[in-house]
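Using the hints, build the complex out of the two chains.
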Amino acid sequence: METRIYEEIEQRRSSVKPINDRIKRLREESIKSKERISVERAKLITDFYKYKAPKNVSYPVLRALAFKYVMENCTLPVEEGQLIVGIRGTGPKEVPTYPEICVHTLEDLQTLATRKNMPFQVDDETRSTYEKEVIPFWQGQAMRDLIFENMSQDWKDAYEAGIWTEFMEQRAPGHTSGGGKIFKTGVLDIKQKIREQMQKLSVSDPEYFEKCEELKAMNIAADAILIYANRYSQKLRDLADNETDDERKKELIEMAKICEKVPAHAPETFWEALQHYWFIHVGITYETNPWDSFTPGRLDQHIYKFFCTDMASGRLTREKAKELLQAFWLKFNNQPSVPKVKITAEESFTYNDFSKINIGGLKTDGSNAVNDLSYLILEVLDEMRTLQPNTAVLLSDKNPDEFLVKALQVLSPGFGEPPLFNYDRIILRMLRQGKTLEDARESGVSGCVETGALGKEAYILTGYLNLPKILEITLNCGFDPRTGKRIGIETKEPANFEELCDSFVKQLKHFLDIKMRGNDVIETLYAKYLPVPFLSLWIEDCVENAKDYNAGGTRYNTQYIQLVGFGTVSDCLASIKWNVFDKQMFSYPDLMKALKSNFEGYEYMRQVFLNKTPKFGNDDDYADSIAKKLVDQIVLMVESYPVTPVRKASRRCYFLPTTVHVYFGSVTGATPDGRKAGMPVSEGISPVQGADRKGIAAVFRSVCKCDWDKTGGALLNQKLTPDLVKKKDNLEKLGKLIRTYFRMGGHHVQFNVVSSELLREAQKRPTDFEDLMVRVAGYSDYFVSLPKGLQDEIVARTEQGEF
Amino acid sequence: MSGLIFNIQRFAIHDGPGIRTTIFMKGCPLSCWWCHNPEGICPSVELMWTRYKCIHCQSCVDICPNRALSFDEDRLMLDRTRCTFCGKCAQICPTTALKVVGKWVEEEDIFREIEKDMMYFDQSDGGVTFSGGEPLLQTDFLLQVLPKIKSHQIHVAIDTSGYTTKEDLEKILPYVDLFLYDLKMVDRAKHKENTGVENDIIKENLRSLISKKKHVIIRIPVIPGVNDSKSDTDEFIVFLKSLNDDIEVNLLPYHDVSEKYEALWKKTRNAITKDLDEAVLRIKNKLQMNGLKVKIGG
Chain A
1 METRIYEEIE QRRSSVKPIN DRIKRLREES IKSKERISVE RAKLITDFYK YKAPKNVSYP
61 VLRALAFKYV MENCTLPVEE GQLIVGIRGT GPKEVPTYPE ICVHTLEDLQ TLATRKNMPF
121 QVDDETRSTY EKEVIPFWQG QAMRDLIFEN MSQDWKDAYE AGIWTEFMEQ RAPGHTSGGG
181 KIFKTGVLDI KQKIREQMQK LSVSDPEYFE KCEELKAMNI AADAILIYAN RYSQKLRDLA
241 DNETDDERKK ELIEMAKICE KVPAHAPETF WEALQHYWFI HVGITYETNP WDSFTPGRLD
301 QHIYKFFCTD MASGRLTREK AKELLQAFWL KFNNQPSVPK VKITAEESFT YNDFSKINIG
361 GLKTDGSNAV NDLSYLILEV LDEMRTLQPN TAVLLSDKNP DEFLVKALQV LSPGFGEPPL
421 FNYDRIILRM LRQGKTLEDA RESGVSGCVE TGALGKEAYI LTGYLNLPKI LEITLNCGFD
481 PRTGKRIGIE TKEPANFEEL CDSFVKQLKH FLDIKMRGND VIETLYAKYL PVPFLSLWIE
541 DCVENAKDYN AGGTRYNTQY IQLVGFGTVS DCLASIKWNV FDKQMFSYPD LMKALKSNFE
601 GYEYMRQVFL NKTPKFGNDD DYADSIAKKL VDQIVLMVES YPVTPVRKAS RRCYFLPTTV
661 HVYFGSVTGA TPDGRKAGMP VSEGISPVQG ADRKGIAAVF RSVCKCDWDK TGGALLNQKL
721 TPDLVKKKDN LEKLGKLIRT YFRMGGHHVQ FNVVSSELLR EAQKRPTDFE DLMVRVAGYS
781 DYFVSLPKGL QDEIVARTEQ GEF
Chain B
1001 MSGLIFNIQR FAIHDGPGIR TTIFMKGCPL SCWWCHNPEG ICPSVELMWT RYKCIHCQSC
1061 VDICPNRALS FDEDRLMLDR TRCTFCGKCA QICPTTALKV VGKWVEEEDI FREIEKDMMY
1121 FDQSDGGVTF SGGEPLLQTD FLLQVLPKIK SHQIHVAIDT SGYTTKEDLE KILPYVDLFL
1181 YDLKMVDRAK HKENTGVEND IIKENLRSLI SKKKHVIIRI PVIPGVNDSK SDTDEFIVFL
1241 KSLNDDIEVN LLPYHDVSEK YEALWKKTRN AITKDLDEAV LRIKNKLQMN GLKVKIGG
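Residue numbers (the working numbering), protein chains in the order written: chain A, 1 to 803; chain B, 1001 to 1298.
Extracted from the complex, chain B is given alone in its bound form (with noise of 0.2 Å):
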């Protein structure tokens, strides 16, 4: 069977120990207004336009048989009532400008990527990390890829939201050697008014991982407004020692990604950043006097 990604990052030092390869695939439960990846939200293939790149040459335009593409001014503009996503715009487009992102890819291709970094995993300890989107949301090909990675000794870490079944989690946990499990906020119904979804089960299946003795790193992207209030702290705090007194986290601090948005003809909200660095520093300071062991960027 085939999986939907839409990168693979190689030598990325930022997703788990030593230098590591990164598999983003496509498609997420949740839709988190800040995210760093809009393009893995949807679970199927997408049009991305960058527009500094676009030397407004129309043969795009010309060439999209169902005329789904058109410019406002300088503006590329997306018909998505007649956009089949052939592709074609994007193979025509001659700097990149137009691409599709999102690749259905089989097991082999995956592997064959994993295969040209091995001297580099054996040499720093480092791996293959999941992450998106939800990588979770493809629990089946998951399972047709980990194994295999997993018989040539290569540490395997999953960057999730959570938001799974019990019985998948269950059944990816012997490949898994790192969950980077991300958590956005404790309260539920603030969860489920920025994120689209409560956060019972997230919760839930983080518990159950910590039970089994998993190693997790927990991941708090730190969204200004919205988690770095004195009360969402405590909140992260009485929820993260009644799970485990010296588990690590990761703060996260937000970046503004707007022009990934406009690129794919997507609005988007931004959050004051003024104040970031500090609001982080005062998180860090506080999660480490209750004894978390805490550390800015992952």
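Just chain A, with the same shape it has in the complex (with noise of 0.2 Å):
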């Protein structure tokens, strides 16, 4: 192996430091343990749904005995040496099953524990408990049958093609992150909040049933956490009583009369606050399996108030600070992403569940809000660096430079971690969207890039949306060439450039229309059948509204579509509107059948696309100037349609993949910017992987000439040769670029600190390279157990070796 590769893996290598012995054994216990299904939860919810569910009682009601059947039975693990409890399953890297929203088939277990990348482990009792109960008494009856029930079959058809994919068939809505309430509530706080409702509502309300309904719910699913936490604090007294080390044993002492206090009562101390919100957190990711799990948001806000108290009555120190935090970060680590088929592990192939803990950005009041807690944390993500949780540095220009730099410098050692986010802007986009400028200031992003007002906004994701595929039906005049079916509408074969762009926009609307009316059924099937009374306590105003999280009850309700293939969609329509009718290099027959034979005795025309057609990315105006309006139109068309039924959410659009780029790529043929079918799109609103040929500068141009605030995230990857970040003097120069990107306009950027030559040799010899991090979409992933698709896509981007 050359010695620069040596040098990059040993860089990697050494910058994992955990302070101390304690945590160095809890990660590794954290790291080395494989993921596994656990069938506790299917279980007991499969028992309660059989044997204890009252008769005629309201949905939310149900859905709160249910949890709190679950908080009353579950297994109570505690990690050897954790100071924070609470875990899904009966130890880490187990995950639970969800069978009310989806019913995995003895197939699917199969396949889970099969599969060459990502597996679960599925053991005896989970395969047989599933074939003899929990399957019987599921199968067809959750709300993924529901959903594929009441699809059309235009959507249907849509689906199959490869036109989009839908959030909410195996997991439940979520999209959503704690914000500054859960730091100074208690429960018995928000239960008494319940009661005041409770007397505050009138009969004459039209919906005076529902609501109450709601509030008995949110009642029971907020005892709910209670028993759990106390059944947490006697199992911590029971196992001081048996522990023979002093210190340890005063711990559990301690961490028992943590647990007595917290959820109950709002924290009052660093640790209380920590395992608060871990408390919530369980609850939340028991209660559904909402995407992105969730997250307690401005971390270094919320728990800043407590590191001072505590630091200045000398109950804390730095080094305690930081151990309880990296102690912290393991809780994330120990609870992977739950198991996916199909469609929908395609578009999330991972086992990060994208909690995301933000820092910096600004206070309520407009000041800088970078304090000691964000520099603590930025170190703890250097020295953890775990596949989860995942991290925001959202960069204000009040925030001082010293912070960047210092965030850049946690990124070099290049594990994907942190991303940029420009938060300006993301204040910008909460001010257009109608928030209060004061609830806008205490906005954040959670998942990849999804801005949102963090704790009190359900900004749910409903599906990705394949715009190269779009783009070729419309070539196609409404059929899909791989199975020869008309799924859009019939257009015309374009006679100039302008009637191209009108189909495209035909086809874009007449699909969109489908996928809207499709969310639409969606929200109304989750409003209605499975609302989550226990994360409605804390997203403000459910309990105010006395309505449901899925029922519209928060504060903000924004709905999204997530457009895939930008840079792909707008290379290609740059190459036709050069090649075929400006220079009139190639016909549109020749093109056509240039597509359909895949280039094959198309090779030079091919290498045209590829090397002589303007393309986004290179600071060329041509190219940009699509891109541009690409956006124009498709947040506009995507906004016209008018609040969703149940929630009123405002219909807005994220650009980001995930790994769906991979997914949508199998399944489109060959297109006019030279790429060959079946390989990745392009992610997010970066480039086609390697079209960016003018340097990370021009990229930064490229994108910032699109409006990226009208929407509600765009996703940018870039990817850096590590000898580029060496030096602070690079990374100082590094920062300033940064800054001038986000004062064009920018909204997001991630790096990758790799160099190709390290990833080709990790793809020849993966056992030697499992600990190999690199930053995939909105979140990092161990290289080695991507696919070989996403892989060689990664492989494929454009390595920045100057600015």
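Read the hints as simulated data drawn from the structure, not as lab findings. Errors might be hidden in some of the hints.
To be verified - Restraint ranges, calculated between C-beta atoms of paired labels, are given here:
id, chain 1, residue 1, chain 2, residue 2, range
1, B, Y1052, A, E80, 42 to 48 Å
2, B, P1174, A, K398, 52 to 58 Å
3, B, I1063, A, R693, 43 to 49 Å
4, B, S1031, A, D729, 42 to 48 Å
5, A, E319, B, P1174, 55 to 61 Å
6, A, N598, B, S1031, 47 to 53 Å
7, A, E490, B, D1072, 50 to 56 Å
To be verified - Cβ-to-Cβ under 7 Å is the rule here; a few derived chain A residues that face chain B:
id, residue
8, T244
9, Y604
10, A697
The structure displayed is predicted, hence computed values, not measured ones. Heads up, the beta-carbon is just placed ideally off N, CA and C, and yes, glycines get one too.
Spelled out as structure tokens, the structure:
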């Protein structure tokens, strides 16, 4: 192996340095534990619905009772040496299933257990419980079945053709984050509030019954978490009684006391705050399998008060705070993403559950929010280097350069974290969507790049839309060339570029109409059949409105569609305009023949498309102006739909892919940008892999010509050679470059600091590189466990050796 | 009037402070065999063929009106006596394997490119660098471009071999904030042998810049077997110390760019690089011990 690669991998490995032996041990345990399916929840839920569920209760109350049953009966594992308790299943990396949402078949379980990438261990007990109890009870009854039953044929056709994916078919809505409320409120406070709301309800309210039931359900869900915490407290005392090590014994007693206090009461110390949040996190992720699990949001803001008080009183040292944060970090890493199958697995192929800890940004009063804790959290990230949790650096003009450079230092060993967000523009987005300035300043990012008013908004993602496929259907006048089926509307062969754009817009509208109708039905189904009274306790103003999170109870409601293949489609349009209509290098029929034959016999044409055609990402106005117009048109079209029926949510756009660009590519034939059939399409708003040849700042210039302020978030990936970020003055220059990018209107950027040589070496000898973490989309993952197509796509991204 | 350039590299970070746009001017009076930009030496338009990009589609051979191109197995051959550099071959090449290097541009063309990056300059205290080739070979063109750039308060650096007339140097002086001044070796005969020219004027111009208190950074390309011996280093030290006690020096280690020479159908030598890193460090330490400010890389 070349020394350069060796040095690169050494630099990565040496950057992992947990604060002490305890954390080191816990980290090892967490990293080494294999992802496993825990049948416990499925069994409890099935038992509950079969034997315990009272007849004639409302859905909210039924769901609350089901949740309570789980919290009363689940196992209470304590990782040896942990300082924070609560975890799903019976130990690290176990993942429960949610048969009421998606019931896995025996074949699904087999696939999960045996697939090469991202497998989940499935034991015999799980298999037999599924076979005898879970499947017979839930088959045909799960939300997933209900959703597919209620989708129209044209929806199903488009879904099967790979025009879109559906987020809610295997996982519940979620897409929200904790805000300040969580850290200021105890469960007993909320119970009090519920009582007050109950008294305020008037029978003259046409929704009286629904509201009443929802409040009852919330109250039961609140009790459920208290039961869970009490059980833990007792368990910790039992452990303390049997503990021989005096230090640990003291610790266990302290932990037991903490569990007696939180989440019943609002936390008052740093340790209590972390435990308090974690109970809620586990509760929310036990109640359903919400997308992006849950997240504490802007942690450096929420727990800074406790940090200061504890430091001042001498209760806490910086080291102890770091130890607690690192212990907290591992709690996230021990809860992998729920097992997904089929298309949902393809669109989000990872163990990462996207919990995202935000740091930096502004305070509610508009001043700089960066504090000691922001730096401490960066250090924790730097030393831990685990798959989860994810982070987000919110960078405002008002934040000091020191903070940015520190973040870039953490980024430089190449694990892909943290990504950087333009906080001033996030606020602008929130204001555009009608949030108050104060709420906008408490906003942040969850998932990959999804912005929202944290703790106050349900910003629900509904699925990815395959833009290149829609162009393919356009070029084929409404037919899908892969199946020969007509799934689009009939459009004619374009005589000029304007006609082509017109037809594309018409096809897009056609598919969006179908997708939006589907979204409305799915929203209604979740609102009615799968309320989430526990999550509703924590997102404002569900309790005040006596309305469920899934039924529009939150202060702000939005619904998103995620556009994919933006770079590919821009380049395709630019290519047709340039080569067919402007320069008339090739005729339209020849182009169609070349695409049909996957460029067999048309290599000259393909090379012209690849090398001699204007492309997005090179600061070339010819291509960039097409990209800009595309963003404007798509956003305008999506936002033109009326608010959703139940949640009254406005319709918005994100540009992000997770891993779906590989799946979308696999169902899309050859494209006019020179891409061969089946190859991945572009991801996020990044230029097509390898098409950006003018350096990173040309990419920034191109990207910033588009108006991202009217989207909810736009993901940009850049790959840097490790040499580039070795020296501090280069990091400072990179910092300046990012500042300029943000000044020009960039929303987000994240970096893979990795050489293609290293990635290729890892592909050859995967077992030697199991710890090699890289940036995929809005998250990082272990490179060798990614599917081959995704690995190749990451290798193909342009490596920027100069800024 | 127009100037001949062969590249504009945006967002360079090694050619002066901050983030920079570097304009590479074509044509150089020196002919150092290790030159990293051999396509910048010849003061006229040339063709360049990159072997790995070629798909051997024969389009270039077929389109050439003068039959100057042919394939010798998989290698494209150029008959210079026939080629008129009309560029048709490069235009039809689908992969950019065949490229025309060298483009005549007007001052507005240059400024239009620079304008795109002004936000980056502002934020990073960067600016524009003229490199080459030898930018001062086209002093008249520079004199058209530079006043306009300076009128926008943009930082200007010139990367020069110093081989130019006193008068030309004098003329551009008011518009230049930083000279990146190449110094290949101190010994006159050796300089002539390796670069094709003597270095008296180079040294003289350098002294003149320093006496005028211009900001100068000395750039020494470290070429194995040419200027990396102990005596070379000693000579550098004596010379540099005679200029100014705290002058800044950048050491630029040699890179093998023989592929570029091949692409230009030119021959060059290859230096032996196995001890290069060590030599660079040794020179750095020695220079530092003598009180000079030294950095490896630009």
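Okay, the hints, checked on the actual structure:
Our hint of 42 to 48 Å for Y1052 of chain B and E80 of chain A is violated, since their Cβ atoms are close to 56 Å apart. At roughly 39 Å, the beta-carbon separation of P1174 of chain B and K398 of chain A lies outside the given 52 to 58 Å, and the hint is violated. Evaluation of the 43 to 49 Å hint for I1063 of chain B and R693 of chain A yields a failure: the beta carbon distance comes to about 25 Å. Judged by the Cβ atoms, the range 42 to 48 Å given for S1031 of chain B and D729 of chain A is violated: they are separated by roughly 33 Å.
Checked against the given bound of 55 to 61 Å, the beta carbons of E319 of chain A and P1174 of chain B, roughly 58 Å apart, stay inside it. Remark: the range hint 47 to 53 Å for N598 of chain A to S1031 of chain B is upheld by a beta-carbon distance near 48 Å. At about 54 Å, the beta-carbon gap between E490 of chain A and D1072 of chain B stays in the expected band of 50 to 56 Å. Residue-level restraint check for T244 of chain A is violated (minimum Cβ-Cβ distance to chain B is 56 Å; threshold 7 Å).
At about 5 Å, the closest approach between the beta carbon of Y604 of chain A and any beta carbon in chain B falls short of 7 Å, and the interface hint on this residue holds. For the restraint placing A697 of chain A at the interface with chain B, the shortest Cβ-Cβ distance is roughly 4 Å, inside the 7 Å limit, so the hint holds.
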